[in-house]
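Enquirer: Listed below are the residues making up each chain.
There are 2 protein chains.
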Amino acid sequence: MPEKRYKVAVLGATGAVGREMLKVLDEMRFPASDVIALASPRSVGQQVDYGNRQLDVQAATIEALAGVDIVLASAGSAVSKQLLPLAAQRGSLCIDNSSAFRMHADVPLVVPEVNPLAMIGHKGIIANPNCSTIQMVVALQPLHQLAGLRRVVVATYQSVSGAGQKGIEELVTQTAALLNGKPFDVVVHNARIAFNVIPHIGDAAADGYTDEELKLVYETRKIMGLPNLAVCPTAVRVPVTAGHSESVVCEFERPITVAQARAALQQAHGITVVDDLAAKQYPMPMDCAESDSVFVGRIRKDFSVAHGLALWVVADNLRKGAATNAVQIANLAVAAGLVHGA
Amino acid sequence: MPEKRYKVAVLGATGAVGREMLKVLDEMRFPASDVIALASPRSVGQQVDYGNRQLDVQAATIEALAGVDIVLASAGSAVSKQLLPLAAQRGSLCIDNSSAFRMHADVPLVVPEVNPLAMIGHKGIIANPNCSTIQMVVALQPLHQLAGLRRVVVATYQSVSGAGQKGIEELVTQTAALLNGKPFDVVVHNARIAFNVIPHIGDAAADGYTDEELKLVYETRKIMGLPNLAVCPTAVRVPVTAGHSESVVCEFERPITVAQARAALQQAHGITVVDDLAAKQYPMPMDCAESDSVFVGRIRKDFSVAHGLALWVVADNLRKGAATNAVQIANLAVAAGLVHGA
Chain E
1 MPEKRYKVAV
11 LGATGAVGRE
21 MLKVLDEMRF
31 PASDVIALAS
41 PRSVGQQVDY
51 GNRQLDVQAA
61 TIEALAGVDI
71 VLASAGSAVS
81 KQLLPLAAQR
91 GSLCIDNSSA
101 FRMHADVPLV
111 VPEVNPLAMI
121 GHKGIIANPN
131 CSTIQMVVAL
141 QPLHQLAGLR
151 RVVVATYQSV
161 SGAGQKGIEE
171 LVTQTAALLN
181 GKPFDVVVHN
191 ARIAFNVIPH
201 IGDAAADGYT
211 DEELKLVYET
221 RKIMGLPNLA
231 VCPTAVRVPV
241 TAGHSESVVC
251 EFERPITVAQ
261 ARAALQQAHG
271 ITVVDDLAAK
281 QYPMPMDCAE
291 SDSVFVGRIR
301 KDFSVAHGLA
311 LWVVADNLRK
321 GAATNAVQIA
331 NLAVAAGLVH
341 GA
Chain S
1 MPEKRYKVAV
11 LGATGAVGRE
21 MLKVLDEMRF
31 PASDVIALAS
41 PRSVGQQVDY
51 GNRQLDVQAA
61 TIEALAGVDI
71 VLASAGSAVS
81 KQLLPLAAQR
91 GSLCIDNSSA
101 FRMHADVPLV
111 VPEVNPLAMI
121 GHKGIIANPN
131 CSTIQMVVAL
141 QPLHQLAGLR
151 RVVVATYQSV
161 SGAGQKGIEE
171 LVTQTAALLN
181 GKPFDVVVHN
191 ARIAFNVIPH
201 IGDAAADGYT
211 DEELKLVYET
221 RKIMGLPNLA
231 VCPTAVRVPV
241 TAGHSESVVC
251 EFERPITVAQ
261 ARAALQQAHG
271 ITVVDDLAAK
281 QYPMPMDCAE
291 SDSVFVGRIR
301 KDFSVAHGLA
311 LWVVADNLRK
321 GAATNAVQIA
331 NLAVAAGLVH
341 GA
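Protein chains in written order, with the numbering used here: chain E, 1 to 342; chain S, 1 to 342.
Honestly, the hints are just simulated from the structure, not real lab data.
Incorrect hints may appear among the rest.
Which copy is meant is left open, because identical chains are indistinguishable; a pair holds if it fits in one copy or across any two.
[As the list claims (entries may be wrong)] Calculated lysine-lysine pairs in the DSS-like style (CA-CA distance at most 25 Å, straight line):
#: 1; residue 1: Lys-182; residue 2: Lys-166
#: 2; residue 1: Lys-23; residue 2: Lys-280
#: 3; residue 1: Lys-23; residue 2: Lys-301
#: 4; residue 1: Lys-166; residue 2: Lys-280
#: 5; residue 1: Lys-23; residue 2: Lys-4
With the sequences and hints as input, model every part of the structure.
Expert: In structure tokens form, the structure reads like this:
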């Protein structure tokens with residue numbers, strides 16, 4: 001019997017995450033019968049890479065999604081809200097990287113290493129969590145299983161690729177301008193990002209927090225199935241091109257040693273432990289770009305509470321933080337027979 | 001009666017902090033009868049700015065310190081250990097920016113806004129705390145007075161000027177090389193710093209922490225007079241030229257509201273509150289360089305504990321984090337009649 005193959009649409013194919021989705025689909029040899037690239041009308045006429053093929057970009061319309069088995073969407077919340085419910089109704093499995101549906105009660109929010117079973121009974125839309133949440137929960141889950149997670153204080157060091165291609169270009173342009181004493185614009189980020197850090201990603205939300213920060217609270221609770229988990233987030237943009245870093249300080253219900261934590265992290269799927277301070281071995285964004293792993297280092301006892309650990313967690317936000325996680329969800333859906341339309 | 005004037009020596013005058021000390025002495029119109037610039041023998045022959053004068057750099061020897069009333073030292077621990085005890089014995093007041101004496105029981109470790117009285121009874125050496133500690137305790141002290149500080153989780157975003165002139169040059173050189181696809185060296189920082197972040201400042205110390213991180217624990221306890229204060233530190237180098245930023249998450253013994261905290265911070269000496277997220281107003285290193293203030297923003301309730309607050313604290317690490325604090329100690333010593341030799 002020939003392997004079942006699926007028609008896949010990448011929605012938002014010209015964006016930083018969309019391009020990475022096409023790359024990951026090819027690298028992981030996703031069983032696609034066809035892959036189509038969809039984007040906003042102004043991108044029609046462009047081409048995007050898929051393996052050694054170039055795909056013509058088509059307009060993202062509901063008509064273009066006809067017959068598509070799996071939609072990988074990263075075109076922003078407005079487009080997702082407009083197209084995905086209809087596509088889902090017509091039988092497509094939509095894996096959505098926007099924040100549009102993440103907190104909907106009937107939409108699974110999935111990180112395959114953490115809550116794969118949440119996908120069962122999906123209603124056509126599965127949400128891909130925010131980049132900074134994905135890498136954190138991958139690191140926290142094995143520790144939670146050991147000792148019961150109670151509270152997390154997280155401070156992020158997020159790269160400009162989280163703001164897409166334009167975010168990267170603005171950092172490079174501003175940096176070159178500053179080095180040469182020339183003027184520059186501030187358009188994409190909330191302030192100048194070159195040789196600066198900005199404690200503001202996304203929009204102001206509630207109680208003095210940004211929406212980017214609140215995602216670390218609510219998405220983490222939903223994915224880990226811990227509705228009362230205490231999380232204090234601070235989200236900061238740093239002048240790094242690719243890769244998000246996080247200082248993650250966690251408290252547990254039960255005792256947990258550094259050795260136990262390290263062993264659990266080393267055994268966990270999707271995690272690479274890089275942890276030898278004396279030998280200058282720890283995860284850094286420059287080393288983690290283009291990888292699908294979540295890198296954990298600086299594992300140490302937090303002496304300031306009863307059962308505490310401090311970690312340093314780094315991942316490529318466009319890969320495991322977005323595209324890779326979405327394709328992993330698609331792979332799992334295929335393996336589990338959860339793709340309706342095929 | 002004419003104003004009393006003091007002979008001042010800046011030890012380590014060619015370094016980033018030493019140059020800033022000379023600048024601050026001039027800006028604050030410190031009552032100096034004479035200012036001499038001392039550095040290592042290889043810097044002899046150089047000149048450094050003091051107001052509109054140029055000072056000839058002399059070799060840092062005990063002979064050169066004869067008759068000096070106040071030594072402002074920033075030449076590293078080895079030089080401080082060698083020269084300051086002798087100079088102190090001979091009657092100089094030595095204000096030392098190195099870590100050599102900070103934790104000595106008979107050496108006051110002083111931040112004028114926090115523990116000015118600790119200077120009384122000094123034995124000739126007063127230690128200037130580490131940059132990242134100074135700005136944090138300035139922000140914490142008014143909140144501690146309100147509600148009793150219990151625990152702090154701090155993650156730093158430290159600029160390369162913390163590693164001196166060479167640290168700044170390495171960032172600029174590497175950045176230009178990377179933008180132009182050219183090779184570069186890694187000498188000053190523990191890894192490439194351009195477009196990267198490094199979770200390692202200083203040396204590996206104990207229990208998986210760096211010495212830079214442990215300073216945030218032990219110096220904070222000593223300055224605030226809270227020997228049992230719980231502190232969990234993470235110190236990270238970021239590609240910023242000047243200005244350290246800190247995510248400071250604190251727990252208190254008693255209730256404290258955001259409004260109370262903001263009012264206390266606004267009234268506190270040495271603090272500038274910049275805090276309006278919706279209007280994109282928060283402290284950033286690019287705005288805080290060359291200032292003597294500690295800037296506090298992103299003041300918000302930490303919902304993850306009973307009495308919690310989260311803050312974002314930024315200061316110029318060469319100014320309030322080093323040179324300004326040292327000159328403020330000297331000013332206070334002069335005002336309080338604590339300079340022996342004069």
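Enquirer: Each of the hints needs a verdict: does it hold here or not?
Expert: Here is what the structure says about each hint:
Taking CA atoms no more than 25 Å apart as the test, Lys-182 paired with Lys-166 passes in both settings, with 19 Å inside one copy and 24 Å between copies. Taking the shortest alpha-carbon separations for Lys-23 and Lys-280, neither the intra-copy value of 32 Å nor the inter-copy value of 36 Å comes in at or below 25 Å. Taking identical chains as interchangeable, the C-alpha atoms of Lys-23 and Lys-301 are never at most 25 Å apart, the minima being 39 Å within one chain and 42 Å between chains. In this assembly of identical chains, Lys-166 and Lys-280 lie within 25 Å of each other by CA distance solely across copies; the values are 20 Å between and 33 Å within a copy.
Proximity of Lys-23 to Lys-4 under the C-alpha cut-off of 25 Å is restricted to the intra-copy arrangement: shortest distance 21 Å within a copy versus 73 Å between copies.
Violated hints, in rising order: 2, 3; the structure is consistent with all others.
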